[in-house]
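*Asks:* Okay, here's what each chain looks like letter by letter:
There are 2 protein chains.
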Amino acid sequence: MRTITVSSTRRWVVVPYYCKLFGGLTRSHTRRLSPIFKYYIVVALLQHRYYGESIPFEVKSLGYLNSAQALADYAEILIHIKEKNNALESPIIVIGGSYGGMLASWFRLKYPHIALGALASSAPILYFDDTMRQNKITSAISQIFKEVSKTCYETIKRSWSEIDEAASTPRGLTKLSNTFQTCRELRYSSELKNFLESLYMKAAQTGQPVVKDICESIDKTPNEDGTDLNKIFAAVVAVSSDDHTHCYVNPPSALALEWQRCSEIMMPKGQGRSETLFEPAPPNQMEIMTKDCQSLYSVTPRPHWLTTYYGGHNMKLILKSFGSNIIFSNGLKDPFSHGGVLEDISTTIHAVKIEEGGHCEDIFPNDDANSQRLALVTRDEYKIIQEWITQYDTDRKSSSD
Amino acid sequence: MRTITVSSTRRWVVVPYYCKLFGGLTRSHTRRLSPIFKYYIVVALLQHRYYGESIPFEVKSLGYLNSAQALADYAEILIHIKEKNNALESPIIVIGGSYGGMLASWFRLKYPHIALGALASSAPILYFDDTMRQNKITSAISQIFKEVSKTCYETIKRSWSEIDEAASTPRGLTKLSNTFQTCRELRYSSELKNFLESLYMKAAQTGQPVVKDICESIDKTPNEDGTDLNKIFAAVVAVSSDDHTHCYVNPPSALALEWQRCSEIMMPKGQGRSETLFEPAPPNQMEIMTKDCQSLYSVTPRPHWLTTYYGGHNMKLILKSFGSNIIFSNGLKDPFSHGGVLEDISTTIHAVKIEEGGHCEDIFPNDDANSQRLALVTRDEYKIIQEWITQYDTDRKSSSD
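Line by line, the protein sequences give chains D and R.
37 is the number of the first residue of the first sequence in our numbering; add one for each residue after it.
37 is the number of the first residue of the second sequence in our numbering; add one for each residue after it.
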């Protein structure tokens with residue numbers, strides 16, 4: 037957990053949860069963040085326990101890795117920062133994207149006494165349990181791949197059963213581990229398949245350019261031994277970042293996310309009727325997953341826990357008369373926007389839709405060319421946040437009268 | 037954890053948290069509960085983990101005893117009951133008194149997607165951390181004792197140092213354990229003092245009759261060995277319930293509450309300037325408490341955790357623009373009402389003050405003579421709850437249009 041206090045004067049405090057949780061945070065990141073941040077005085081970037089710079093690796097201690105514990109960390113840290121800056125009544129706005137966006141909205145809901153409001157960018161909070169029965173997100177991802185290259189799409193679609201076949205031969209998992217240069221020997225084919233699924237999902241989040249890199253590698257690499265596995269591996273290499281020089285699949289840094297996927301953050305896949313890029317979910321999907329997760333991490337999946345703890349069903353009905361001060365922003369070109377809140381819920385819980393926008397683009401612009409368009413969006417977001425703060429100041433004044 | 041489903045038709049579900057957590061729940065209790073319950077169709081009485089009928093005693097497993105875990109239990113159980121009764125959209129109203137009242141209000145705040153509203157009777161949610169700097173509650177308790185008997189008040193006030201003196205002699209703790217017929221040998225004088233403090237607090241909650249029993253025993257018992265200890269023990273015997281036939285102080289059934297007092301539910305005492313019945317807090321109170329709690333239960337007190345997790349500071353300012361559908365009711369003769377919410381917070385977060393009322397009296401009437409007066413109070417409370425449900429039905433209808 038690392039905190040960067042950019043300035044310590046006493047006006048507002050903003051805490052962004054970093055959109056891309058999986059890298060280190062530097063001051064240059066702060067500069068690249070959305071212009072909305074320039075309005076705030078204290079900017080604290082909080083990492084999520086087990087992600088970022090401080091990662092305890094023993095499976096034993098992963099029991100303390102979950103979203104509720106992360107929110108509790110934030111609560112303790114923010115109160116500490118406020119006390120340290122003698123700014124107990126300064127309003128805090130939490131800002132985050134993707135999983136960080138979910139955390140931002142959940143933090144406002146669970147800790148309204150600490151955060152005055154939340155900007156939750158590209159937060160697919162409705163993508164859990166049975167809150168979204170159709171596989172809209174996986175369909176949208178598939179569509180992006182199909183548009184880039186039909187053959188690439190077909191190759192990926194075919195590869196799932198090829199992986200299973202390869203794994204089922206004698207010493208198949210060892211051979212697969214070698215082919216894909218995995219960071220630890222595979223014990224289940226699902227380990228590789230989950231890694232690849234995440235890879236395609238992240239690529240589609242990032243937008244067409246990364247999908248193009250993947251598909252070019254797949255399309256240009258020749259078949260070997262009558263399977264597409266070397267094509268898929270070429271795609272893995274093409275998009276892997278520099279820090280995986282010795283191995284590619286399931287690096288230690290992915291352990292935290294794998295654990296969370298095995299315990300609470302379980303996104304349903306392949307449950308709709310439309311055909312997708314992904315492996316269709318077998319009828320006993322949950323049973324298989326439970327077995328794998330217990331064996332790999334000694335944890336039993338709790339598919340209903342997130343919606344039990346944070347809600348998700350009937351979101352509009354529930355939040356209409358409860359809660360306030362949340363902006364759910366979504367770029368509509370982002371496949372994950374289908375799991376987001378796309379309609380205003382009340383006069384203080386807003387949906388901001390960005391027509392040509394991508395994943396987290398309002399708080400973490402990818403491209404300078406879009407900056408003017410995005411500036412308009414963030415100006416609107418800022419205006420809403422400004423209203424919350426004005427109202428808070430009025431309320432504070434009248435409560436101290 | 038035990039659930040009694042009185043009826044299972046599909047209209048509303050109400051979940052009272054029992055005001056007096058420390059006994060078993062029976063159907064006769066249900067009948068004695070406030071008339072407000074008659075309006076509801078499914079009444080589920082949920083016990084708190086580690087209280088009531090299912091008590092695991094190993095200190096090791098007490099790590100899972102805390103209010104947040106109890107709320108999570110309720111969440112899981114209520115969703116289960118709703119699913120079982122095919123009543124997913126039926127509104128749930130949570131009702132509780134005392135600690136149960138705090139849980140009820142916290143449950144509405146943390147799980148608005150499960151409970152539509154809360155009736156929190158005699159819930160001193162502002163009695164933590166530094167949210168209430170003055171010792172108003174302990175002063176009010178002292179006042180009740182003083183009114184019953186000045187000599188009784190003086191005897192109790194004197195007894196704290198007598199206990200410490202007795203404990204500091206050779207084999208003093210063993211002798212004290214014998215004098216008070218403790219259920220386990222005392223290791224610190226604070227164990228006895230905490231027990232007695234709770235006894236006086238509970239007596240004052242229950243009202244003058246129990247305080248009279250205590251004071252009559254104290255006043256009529258003669259001194260022995262120049263100390264008041266036998267007087268104090270006589271008071272303990274006078275108000276002890278039948279189930280402590282073999283020992284009196286710190287019975288196993290009190291272990292859960294002691295643990296919670298050592299971990300999260302830490303009510304400040306003796307920090308104000310006015311003189312009270314209780315031992316004045318030493319300057320290093322927290323240090324002593326930490327040492328005792330670590331030694332007795334291997335747990336370190338977290339005095340700021342409850343206000344970090346549930347809030348408490350600036351309650352009115354925070355909840356004015358967040359949350360809805362909570363009634364905080366308080367009987368103004370109850371000393372603990374000083375830690376309660378006594379002012380309306382918003383148009384849907386109400387304070388109900390009962391002029392001549394005692395602790396939890398609206399949901400658990402003590403006395404038939406008061407029933408007419410209390411019927412008016414519960415009628416008003418019911419009217420408010422009815423408004424919430426009407427609004428919910430309207431919202432539900434418009435959200436499904």
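Mixed in with the good hints, there may be bad ones.
Each pair may be met inside one copy or between any two copies, as identical chains are not told apart.
Using 30 Å as the maximum straight-line C-alpha spacing, the simulated BS3-like pairs for lysine-lysine come out as follows [claimed, not checked]: (1) LYS356 with LYS433; (2) LYS172 with LYS118; (3) LYS433 with LYS186; (4) LYS352 with LYS419; (5) LYS186 with LYS120; (6) LYS229 with LYS327; (7) LYS419 with LYS256; (8) LYS182 with LYS238; (9) LYS186 with LYS238; (10) LYS193 with LYS248; (11) LYS356 with LYS389; (12) LYS172 with LYS433; (13) LYS419 with LYS356; (14) LYS248 with LYS369; (15) LYS389 with LYS433; (16) LYS193 with LYS211; (17) LYS352 with LYS389; (18) LYS352 with LYS369.
Hint data in this document are derived by calculation from the structure and do not stem from the laboratory.
Note that the coordinates shown come from a computational prediction; the quantities given were computed from them, not determined experimentally.
*Asks:* None of the hints should be skipped; say for each whether it holds.
*Replies:* Right, here's what the structure says about each hint:
no.	hint	result
1	LYS356 with LYS433	both (26 Å within a copy, 13 Å between copies)
2	LYS172 with LYS118	between (41 Å within a copy, 28 Å between copies)
3	LYS433 with LYS186	neither (61 Å within a copy, 45 Å between copies)
4	LYS352 with LYS419	both (23 Å within a copy, 25 Å between copies)
5	LYS186 with LYS120	neither (57 Å within a copy, 47 Å between copies)
6	LYS229 with LYS327	within (16 Å within a copy, 52 Å between copies)
7	LYS419 with LYS256	neither (49 Å within a copy, 72 Å between copies)
8	LYS182 with LYS238	within (16 Å within a copy, 70 Å between copies)
9	LYS186 with LYS238	within (19 Å within a copy, 74 Å between copies)
10	LYS193 with LYS248	within (16 Å within a copy, 80 Å between copies)
11	LYS356 with LYS389	both (19 Å within a copy, 28 Å between copies)
12	LYS172 with LYS433	between (47 Å within a copy, 26 Å between copies)
13	LYS419 with LYS356	both (21 Å within a copy, 21 Å between copies)
14	LYS248 with LYS369	within (16 Å within a copy, 73 Å between copies)
15	LYS389 with LYS433	between (34 Å within a copy, 26 Å between copies)
16	LYS193 with LYS211	within (21 Å within a copy, 79 Å between copies)
17	LYS352 with LYS389	within (17 Å within a copy, 33 Å between copies)
18	LYS352 with LYS369	within (23 Å within a copy, 41 Å between copies)
Violated hints, in rising order: 3, 5, 7; the structure is consistent with all others.
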